[in-house]
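Chemist: Chains A and B are the protein sequences, given in the same order. The first sequence begins at 1 in our numbering and counts up one residue at a time. The second sequence begins at 1 in our numbering and counts up one residue at a time.
Calculated directly from the structure, the hints in this document are not laboratory data. Treat the hints with care, as some may be off.
[What the hints assert, rightly or not] Stretch-level coverage of chain A by chain B, calculated; a stretch enters the list once three of its residues show a Cβ under 8 Å from a Cβ in chain B:
hint, segment
1, 3–15
2, 21–30
3, 133–140
4, 263–275
In this text, all values refer to a predicted model and were calculated from it rather than measured experimentally. Ideal Cβ placement from N, Cα and C applies to all residues, glycine included.
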Amino acid sequence: MMHKLLNIDRRIVFVAVAIVILAGMALDTVVPLPASAEAQSVFDAVEATGAGDTILVAMDYPPSSASELDPMSRAALHHAFARDATVLVVSFDSGGAPRAAKMVDAVAAELGKVNGVDYAVLGYKPDMTAALIEMGTDIAGVFTEVTIDGEPVPTESVEAMQGVANYSDIALAVQMTGSKKYEEWVEYANARFGLKLVTGATGSVVTGQYPYLASGQISGLLRSTRGASDYETMVIDAYGHDDSGLEPDASKKMSVLFMGHLLILLFIGIANVGHWATRGGAKETA
Amino acid sequence: MVVLMALTVFSPRLDAAYGSRVNRNIQILGAFAMLPAVVGLVRLHAARIARKHSTAVFSAVTLVALFATVGVGLWDRSLSGPGFGWIYGNIYSPLQQAVFSFLAFFIASAAYRAFRARTLETALLTVAAVIVLLGNAVISLPGPGGASAEGWLLSVPAMAMQRGIAIGLALGIVALSARILMGLERGFVGRG
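Just chain B, same shape as in the assembly (with noise of 0.2 Å):
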């Protein structure tokens, strides 16, 4: 299925023959994958349990967390229903939101610890992280060639840097790929 998914990319004649149907296929996969992933999960969390192991607690309000909410689901019959949409509004996005929120708390003590000019590397480190907090609060600062620093230090160092990465990324995924398509990577299956 993925041989066949990528050579449509390169063919359209396969394209128009299977494109279609090899995506909709990998979709019903992705979907059936979830399957084996709640199995896991609950194995995990029960073997946790029946150990009486020192996060029994969090095994369990997991457990109680998942089929409770699957239950919910199942009941409504629908993401919008009444149950599960009181889980989601009530329960699921305070709480994603009241964990992001401690960023702000450990940001600040982070940049207060790490942003010290000790060295050549951290001074620019610093100063540029500046320029970014200044800019992005309210003042921006004149940059090179009529733009705000904010703005170039985004648009030209850092951008360099994520397209080095990008690039770099690209061609580690394409060397794994190849790899574990030729069976010379098994580390994801747990053989070295």
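For reference, chain A alone in the conformation it holds in the complex (with noise of 0.2 Å):
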């Protein structure tokens, strides 16, 4: 009997996982948790911002990170249009930049922001080291056209970009990433030319976020969905659903999270329990 416990086929473990996550899409609910200091972080640097600042919102990821990191961005802008910030947004992910605009039109729509005046997209630039280091002298020199209603227009004739010449001129870049991009930003926009950094990054990434964290050069960080979660929840509870115009998503993800967890807890379980009640006997899977 024990020895089973070793040598779960596979198909079962992936039914279970289908079931468990599918329970906790149904479950639809938002589970209530403690921010972790990392995000209090994050949504401090927001709100430090005034109005009239800006705010660099980089989304350095392609699709298949979008379930973690969209919420974190849709956040981010809704906290930064909530601050009556000027944002801007780049993308230095060619498959993430189209949803990048997506994104952030459909979010200035929700709450009357307008295109060229109350936010840019600067789109995508090959060759991110170059970009981002051009930046910190001439941004509208690296993103030398922007899009509004449809038509190319010169980047440093639209009004967000009035007074914006590098990175001396944004005060907080809020950047999401899924691979090692994060890398590139703390050591040209942060170390070469101090731009204040938070970040949020997806679980398979984040452990290697925490020396800039500890060093300073980031200086909040969101961690992964509940991180996303953790942020949201403080932006809907300091500006409310209306003001912010913010909907909890990553907070009902949590509960899929959870349930996906404790799932995965049980079969941890399950594998020690036979490993040690068969010590020396059973073959296992390896």
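Since each chain sits alone in its own frame, please combine them into the complex, following the hints.
Modeler: Pasting the structure below:
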């Protein structure tokens, strides 16, 4: 009997995961959680900006990371607009740039913000390192055109870019990624030009950001769906649904995550009970 | 160009004189690097189709997808055009998300098989994994100094390990870059 605990067919694991995820989605509940200190720092950094300040939102991720990172981006955009900040959006991921533009247009439309006036979508540029360094001198020189009402116009002529020449005119950058792209933001935009930076990351890359958080090069960190849930809850609590226009998204995903994590813990428990009950006897699957 | 870019980091005078020009030239070179990449991809898959390789069908799908996407993008003349937007929203984006979502199933299966306390090391790994899993879900266990246990694991032991890796990587990159610039390392152009 105990031997069977060690060799559960992977198809049974897959079916159990599917059932639990569907059950979590069906629950559709918001799980109340205490905010992590790292997420609180992100909220505080955006909160410290004033009306008319410029916030740069970098959505450097492809659609595969959207489930974890879209809620962070959406919350950051709602929060920045609620602070009456001017928002500039970039994406150094060729697969993520159209998604970034679509999201900021949708959020802005909800809140009555005007493209070119309250925000500008700078878009995508290849060779992130050279672009990030050049942005320290001349942002409009890197992103020479933006699209307003379907027409390309010179970036420097856009109202949202008035008074914004380089990083020194940007109060805060909020960068989301599921890869190592945060390193280039830290190394060039922060270390070389002193841009204040907060980040959001998928669970797979978040551990790499802790050294920069400890050194102060990153001022706040959103850790995967949990971080997104913490942040959007703080924005909604501070500004309400009406003023922020933000609906809980990551907070609802937490119920799915919670049940999925419990299932994984259950399987880890089963494997270890089986292992200790049959030590030296059963042949285990690797 | 690479040497000039490196020098601009250390010399404010060179940076002021050439920094912008160097950065823009590197961006242009980066964009043109797409061309040999596309040519290489087309040659590789065209050869597989011509030889009726066992993966010829997938090669054909790759080439059709490549030319269709480029063609529609050129027709739209914009990343936000209707044709390109349709491909992005209805094919590229759902496919990427679907493939990534398989991870949930594989991670559950891998956790079941890997996190078994067979030795002291695997026991430590299993305990750390359970604490972080619990903390990321809902239940944060108390850790040293008033922090949560998963927060302490991430910001102390894991961070120390990440710093070690980062320093090792940086030293390795410096050494490899120096070897490439001096012509001692030619493996990247197919020579030993």
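Chemist: Please list, smallest to largest, the hint numbers that this structure does not respect.
Modeler: Of the numbered hints given earlier, the structure breaks just one, which is hint 2.
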